[in-house]
Every structure is written in C-alpha cells, then in structure tokens.
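K.L.:
Please take these sequences and the hints and turn them into a complete structure.
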Amino acid sequence: MKILMLGWEYPPHISGGLGTACEGLTTALAERDIEIDFLVPRLFGEEDAPHMQILGAASAEPIAETPTPTPARTQGQGPPSAPDPLSQLVAAEPALATDPIFTAAAQAAGAEVAATGKTGLNTIRVPAMLKPYLDQKTYKELIASGALDKTAMARILAAEISHPLPGPPGQMTGLEHAHVPGADFTYSDPSSGGAHYGDDLFSEVARYAMSATRRVQGRQYDLVHAHDWMTFPAGVEIARRAGAPLLVHVHSLEYDRAGHGADRNIVSVEHQGLEAATRVIAVSYYTRNLINQVHGTPLDKISVVHNGVYTRETVEAYTEQRSSKGPVVLFLGRVTFQKGPEYFVQAAARVLEHVPDAVFVMAGSGDMLPRMKAMVEELGITKSFRFPGFVRGAELERTFSTADVYVMPSVSEPFGIAPLEAMSYDRPVIVSKQSGVSEVLRNALKVDFWDVDKMASQIVALLELPELRGVIVERAREEIRHIHWDAAAETLIPVYQSILRG
Amino acid sequence: MPSVCFYFEVHQPYRLKPYGALQVGRDHDYFDEKLNAEVLRKVANTCYLPANEAMLRMIERTDGRFRASYALTGVVIEQMKLYAPEVLDSFVRLAKTGSVELIAETYYHTLAALYDKDEYRDQIEMEMKLIESEFGQVPRVFRNTELIYNDEIGQLIADEGFNAMIIEGADDVLDWRSPNFVYRVAGRDMKLLVKNYKLSDDIAFRFSNKDWSDYPLTAEKFAGWIHGRSGAGDVVNLFMDYETFGEHQWKETGIFDFLEQLPDLLFTHPQWDILTPSQVVDRYPALGELPCQRTVSWADEARDVSAWQGNAMQQRALAEIYSLGSAVRRRNNSHLLALWRRLQTSDHFYYMATKSNFDAAVHDYFSPYEGPYDAFIHYMNVMKDLNLSVLATAEKQIQL
Chain C
1 MKILMLGWEY PPHISGGLGT ACEGLTTALA ERDIEIDFLV PRLFGEEDAP HMQILGAASA
61 EPIAETPTPT PARTQGQGPP SAPDPLSQLV AAEPALATDP IFTAAAQAAG AEVAATGKTG
121 LNTIRVPAML KPYLDQKTYK ELIASGALDK TAMARILAAE ISHPLPGPPG QMTGLEHAHV
181 PGADFTYSDP SSGGAHYGDD LFSEVARYAM SATRRVQGRQ YDLVHAHDWM TFPAGVEIAR
241 RAGAPLLVHV HSLEYDRAGH GADRNIVSVE HQGLEAATRV IAVSYYTRNL INQVHGTPLD
301 KISVVHNGVY TRETVEAYTE QRSSKGPVVL FLGRVTFQKG PEYFVQAAAR VLEHVPDAVF
361 VMAGSGDMLP RMKAMVEELG ITKSFRFPGF VRGAELERTF STADVYVMPS VSEPFGIAPL
421 EAMSYDRPVI VSKQSGVSEV LRNALKVDFW DVDKMASQIV ALLELPELRG VIVERAREEI
481 RHIHWDAAAE TLIPVYQSIL RG
Chain Y
1001 MPSVCFYFEV HQPYRLKPYG ALQVGRDHDY FDEKLNAEVL RKVANTCYLP ANEAMLRMIE
1061 RTDGRFRASY ALTGVVIEQM KLYAPEVLDS FVRLAKTGSV ELIAETYYHT LAALYDKDEY
1121 RDQIEMEMKL IESEFGQVPR VFRNTELIYN DEIGQLIADE GFNAMIIEGA DDVLDWRSPN
1181 FVYRVAGRDM KLLVKNYKLS DDIAFRFSNK DWSDYPLTAE KFAGWIHGRS GAGDVVNLFM
1241 DYETFGEHQW KETGIFDFLE QLPDLLFTHP QWDILTPSQV VDRYPALGEL PCQRTVSWAD
1301 EARDVSAWQG NAMQQRALAE IYSLGSAVRR RNNSHLLALW RRLQTSDHFY YMATKSNFDA
1361 AVHDYFSPYE GPYDAFIHYM NVMKDLNLSV LATAEKQIQL
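Here the protein sequences line up with chains C and Y, keeping their order.
Letter by letter, the first sequence follows residues 1 to 502 of this note's numbering.
Letter by letter, the second sequence follows residues 1001 to 1400 of this note's numbering.
If you're looking for bench data, these hints aren't it; they were derived computationally from the structure.
Take the hints with a grain of salt, since some may be wrong.
Said to hold, decoys possible - Simulated pairs of lysine-lysine, DSS-like, Cα-Cα distance not exceeding 30 Å: (1) C:Lys433 with Y:Lys1042; (2) Y:Lys1251 with C:Lys325; (3) C:Lys433 with Y:Lys1034; (4) Y:Lys1221 with Y:Lys1251; (5) C:Lys433 with C:Lys301; (6) C:Lys2 with C:Lys433; (7) Y:Lys1117 with C:Lys383; (8) Y:Lys1117 with Y:Lys1129; (9) Y:Lys1221 with C:Lys433.
Stated by the list, open to error - Computed, partial: chain C to chain Y, Cβ under 8 Å: (10) Lys446; (11) Gly470; (12) Val471; (13) Val473.
C-beta atoms are modelled at their ideal positions from N, C-alpha and C, and glycine is treated no differently.
P.N.:
What follows is the structure, encoded as structure tokens:
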C-alpha cells in the first residue's frame, strides 16, 4: 500500500506535537509495510526519516537534502536603518526570550532580512509558517498594550510573510478543488506594513496546497492522509486530482485552541477537509465528539486512533536538587486559554490553605502569562509561585524530576502528551477530563478543568498520602509502556484497508 | 439422598459521598444518602422484590420443598427500613414460610475478623439480635464477610456456638476433596458447608456470557449437571449474591425464568431434594477435617483477601480505621460507634483495589467512584475529619 502523507512539520524542526506524532506514526506504519511519501512545506536537511520518502513541497529534489548553508544572520547584517524591534519586544516581555515559537519567528525574520539582502526573494529558507500553535493573541496584545509599536511588529512579521513560492505570482490561482478563505496574495511588499499574521498563515496554507499539488503530480497513491487543517486544502486538491480517497487526521481543532474565539476561516478550512474526506481520524474520543459537535461530521465517519509515546527509561535523581522546602506542584505547557492555567492558580490558592508550604511552578510562556502573574498577586500567593518561563533540555528534566505532582488542567486537549512525559519521570499526574489522554490513562487522577475544588483536593491528597503516590506511580510506570505508536498503527491500518475496499 | 443447598447474600453498604480535602473540618456528614437510597430502591425493584415473589411462588408450588437461605447484613436491613420498608416485609414473609432459613454474619459486613476479634464478636452478636427481632429466627449457621475464612476464624466461630459455617471451595484448600461433602473445622466440632464455585459461578457470573461455551444456560442443562453428581457427593452448595437475580443478571437475560424452572427440573430426579443449611448439617455427617491455613474468600480470581488489602492504599486505610477502635469505644457514644462501624464495611476497601483484567471489571462494576484513587482519597479525607473534628471534639467534651 502506498500512501501520501501531508504534514506541516517534521522533527527536529518542530513547534508543537504534530511533527513528533507524524514521526511516531510513520515509523510504526513503515514497520508494517506501508509505503509512505511524506510531504512537508519545506525540508531543513536535518530530518532523519529513513523509513519513508520525505519531500519538501517547495523543493524539486525528492529526498532530504544536505543543509543549505544558511546566510549569516547577525544583527549587523540586518537593514541598517531598522531599530532593533526584537530587543524592544524582549525588553517588554522577557519570557519571550526563551519561547521557542518566538525565537523561531525572530530567527526566521532575521534570516529573511539577510536573505533578501543577498539573494532576493527566490530562496525559501524559513518554515512555511510558524505554525498552527503560534498564538496571534500574544502579538496583538503586545501591540494593544503599547509595549511595541505597530510598525516594528509589522516589520518582524512581514519578514516572515514575504516568501513567495518559486514561480511568478500568476501561478498562485492553481487550486481547483480547495478554497482557502483569508488567503491574500495582494501584499508583495513587506515594507508596506499592515501585515496581518492571520492572512499570511492562510496564504501559506494556500501556497503549500499549490506547491504540494505540483510536487506530486504524476505520482500514484492508494490514499492521501492529511494531518490537521493546514494540510487539508492540499489534501483535498491532490486527492481530487488523483482520484484517490482522502483521509484527514485531526490532531486538534481550532475550537481546542481558541474556544469560542475561534477563527472562522480556520474553522471553514477544517470543515472543507472534513466534508471532502472519505474518512476522518481523531486522536481521541473527546476530539471525535468535538468534531461531531462543531462540524456535524457523522460519528460513524470518524475513527479514533490514540497517539502513542516513545517509551524511554524513567529518570531518577534530581530530587535532591530541589530548591524549595515544600512540595512542588507543576504546570508545564503554553500559558494560553487552551491549557487552563487560571484553574491551576485557583486550585493552588485552595491547596495552600491545607498545605501552606506547597510551591507552585507555572513553567511555560504564552499570552495569558501576564494575567496569571496578576492573578497570583491578587490572591496574595506570590511567595508560593514560581514562573520560570519556557524550559527545555536539562532544565526541563530537572523541572519534571523535582515536581511532586504534575497537573494538566486543559480546557480542551485533543490528546495531551505532557502527562505521559511526567509519568515517565515517575511523577503522579492530574489530567482534565477534557483531554484525549484521560481516555487512555487509568493511573492518573482525573478532574473537570473547572472543578477547582476537586483539583485542589486531588493535589492535597497526592501531597499528603504517600500510599496514593506510591500506588499511582508504580502502576503508571507499567501503564505507559503500553501506550505506544505500534498500537496506533495497528488501529490505523484496518481503517486504511476498509477505505481501500470502499 | 443428595441435596442442593441455596444460600443468597443480601448486602448494601453505606457508600461515602465524594469527600474532598476542602471539606475536612467543615463537613461531618460522610455518607451519600441520595445515592444509597437510589441504589437500594433500584435493586429493590430489579432484584429483591421480584426475586422474593419468585421464591414465594416456588415455595408454594412445591409445597415447601423448594428451600433457600439468606444472610442480610445489619446495614442492608437498616437501609431497607429507611428507603424501602416493603422489601423487609417481603423477606419477613419468606422467613415465615418455614422453607427459608436466615443465617448469621456480621452486622456491618466488616473485615474485623482479620483485625479486631472483640469487635468481630460484638458485630456478630448485634446481627444475631437483629435477625431474631426482625425474623423470629435464631441463626445456627454463620457466613463471614465475603466468605473470608481460615482455621483461626473457623475456630472462633465454633467457639461462638454455631453449628456450621459457609466457606468458599477454593481449589488449593480442598486439594483432592470434593466440595460436595460436609467437612469439619480443624480442631473443632463445627461443620463446614463448602461452596461449589464452578456451579455457583455458572449462574452468578456466566449465565449471560455469550462467549461462554455453555451459553445459553437453560434450567434443563443445569439440572442435568446437578443430576450428573448423583452418587458423587451429599450436597451441592450454590452460594451467591442475591443480586444475581435481576441486578447482576438482568431480567432480560431470562435469569428469573431459569430460577423458577429449576426446582421442578431438579425434582424430576427422585433422589434429589433441596435443603436449607441447618437441614444439611442435621442430615449429613462431616467427612473429616478441612484445614485452611491461608485466608480464602469468594472474591476475585485469587480467592484470597487481596480484593480488600492487596495494595498500600488499602492497607493504610485499614490500619487507620482499626487503630481508632479503643479511642472510639472509650467515648461510649453510640452514634460515634455506629459511625466507626459503618466505615469498617468491606466495600470501602474493595473500591480501592487496583486489580487488572476481569477482576478490575468486577471492582469497577460495584464502585460508585471513578476509580480506586478517588475511593481512597474520599475515605482518607473522612478519616482525617473523623480524627480532627469528631474524635478531638469528643475528647474535649470528656475533659470538660
């Protein structure tokens, strides 16, 4: 069976969980003799995917190339006239300095500035876009707060958005079967200001659809498998042209990320893909129901394939290194609406009445971080809170290892891999019931994200009852070994087969 | 002349309400009255009332040759009085037929046999008084909570003066012996009636299981299996939860038809009859001693006590509750004593079990909570409040 998979990113250059999920899934599928062409907007050359053919949509070469030497992008090589908007931004919000999304954006902007200076607009050097997870609100709020003036922001963003596809703009109307609302090809001058990030993302989506279509023209596939809304237009276009069945895989919905503040254009692209698809894959029953509620897709058209994790040895140690005396309760993730940070803060205030020396760590950055800091101050619990910003690498390991409890209070979480990571560090976890991962976990405490009293009670219990912690950790260690990508592939392949049988 | 002996267990615990850490020190009302009332009324309608009617009909139709025995815990009788008094009336009617024997157990369905012998004896005595006052019978046969048994428990019950005790027919305890004979407690002159778990579980667990090779189980087939034991034993003991009829096995499975057809079909073989446990004791001699060093029960595949004390959470909770014994008794407060005893009911610990596979499914089926961890959290929060608020306050009052 030969399939075309449409992705948006692939490790190591990833901005969220989607790339990691694609790596795990394709590896397990390939072991089961599924032949895969995997298309991403562009390749960085560091992708390690010997199990399949990985293709950059914008490239003419079929396999991962050696990295193109990146033009130096020291500040000195930027346009001399520009005040350094980046420094301004970081000065206004220090947490951004360690935010991977932001730094990726900033680097991309720098790279573009350099590239424009040297080779014009023919080189595509940045990711097609900074992803589904990039939070537009972060930037909008920064502008609104006056921390950054609009033109400086526009310059940063315009730098990212000024990458046309190879070929003249005239070719950009090539989509016959897919429509991308909000895609705007009229801008061409990055210095004209007024760049709207959102418009640009849609343009990138449309561009990806067109270049992907061109890239695979003439190839034969049994099935087209598209991951998340950014690849749906490409999937629809390619599947229609090739007469192949389309399977769309929903890792998250716009509703998950934004709730009722959902971008209607994104919802519309999602809808188009769901309608055109022969079959839909959801990463959880939670997501399956949400797709049904938000888009009206019939439940019997949606199959559930739970994500897996890469198992690894559990990590000991670090516990002596903790800096606080009291027990540590950890939130680790983007500090955004979707992740429910305010429920963590509210639960913390209640826990402190019972466990006064508890320490709450909110690790991560995002648009709600300033509000969370203000909330902690209003509640008078600043002394019990730490905000280390985004953590990675050894610091991430230390953060997990020194926590006594990990809490994921997400408002809407299609799957949620972080609790599994915490479990691999032998940490007991509390997960919201509004998450896909809660469906596959027995050895975690579960709570409705809004039920802060119960969340607090669970935290207190985990801190006060060593027997509870002991039993959970011991059983969870065994449990996560069974949540792997092989199981996902075993569930997915029969879905493929049933589609091919018609 | 071989016999069949039916014994049914009737019990409902006082389930704890979801009791969070934030309630400690503020809320001294521990039980989920609404849920407990709901469950009792539901089971009354699905099982107790229709099953009792079926039993009455069977007794009338066979001129009293159909017989059965029941153990009703004190806590289920209390709840019947509170939430569905007609159920208790219907059991009293059954008891008055002369074909139904009441047997004894502990009032609170406790695990005290393993932790606090004085408490254990007190609860047996309470139950004896209750059964006599409600049904006008003085039980001669005893069953321990969940058929938990070892030599020591058997000897204690013998010393309490019972004629017989009902136990699980675990393979390793029976060894080469058949469950279809009467045995004797090691070192005492008290008889043991051993559950035939194969035939009992065919009804209680497998009746509606479509994956079972003998599905569907008809009364003809089952009576045939019993008759096949002719000459190979004195008594086939069919012991199970009464809720098997209509609750664990829904009415739609045909369980009531099966039950009502069974006596007539059993009687088609002229040698077989149906006896109550006391009649079995009076008719059949003990074949020999049945020593039992390990503690057995009728729960889970292991048929041991791991269903209640298998993990560290359960062990902690049990240690907590039984450590309060002397403090509670010192208060000499009947309300507090009853509260402590309700918290001893084995179901609380059963909900905390972390078993896997089939056992887990059974534990989940019975649990009112989302899982073992919630069960443990609620229980320990209640214990904390009991210690902090109730016991500490009582201490102060005594000092005053």
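K.L.:
Could you run down the list of hints and mark each one as holding or not?
P.N.:
Here's how the hints hold up against the structure:
no.: 1; hint: C:Lys433 with Y:Lys1042; verdict: 28 Å, holds
no.: 2; hint: Y:Lys1251 with C:Lys325; verdict: 59 Å, violated
no.: 3; hint: C:Lys433 with Y:Lys1034; verdict: 25 Å, holds
no.: 4; hint: Y:Lys1221 with Y:Lys1251; verdict: 19 Å, holds
no.: 5; hint: C:Lys433 with C:Lys301; verdict: 24 Å, holds
no.: 6; hint: C:Lys2 with C:Lys433; verdict: 37 Å, violated
no.: 7; hint: Y:Lys1117 with C:Lys383; verdict: 51 Å, violated
no.: 8; hint: Y:Lys1117 with Y:Lys1129; verdict: 19 Å, holds
no.: 9; hint: Y:Lys1221 with C:Lys433; verdict: 47 Å, violated
no.: 10; hint: Lys446; verdict: 7 Å, holds
no.: 11; hint: Gly470; verdict: 5 Å, holds
no.: 12; hint: Val471; verdict: 5 Å, holds
no.: 13; hint: Val473; verdict: 11 Å, violated
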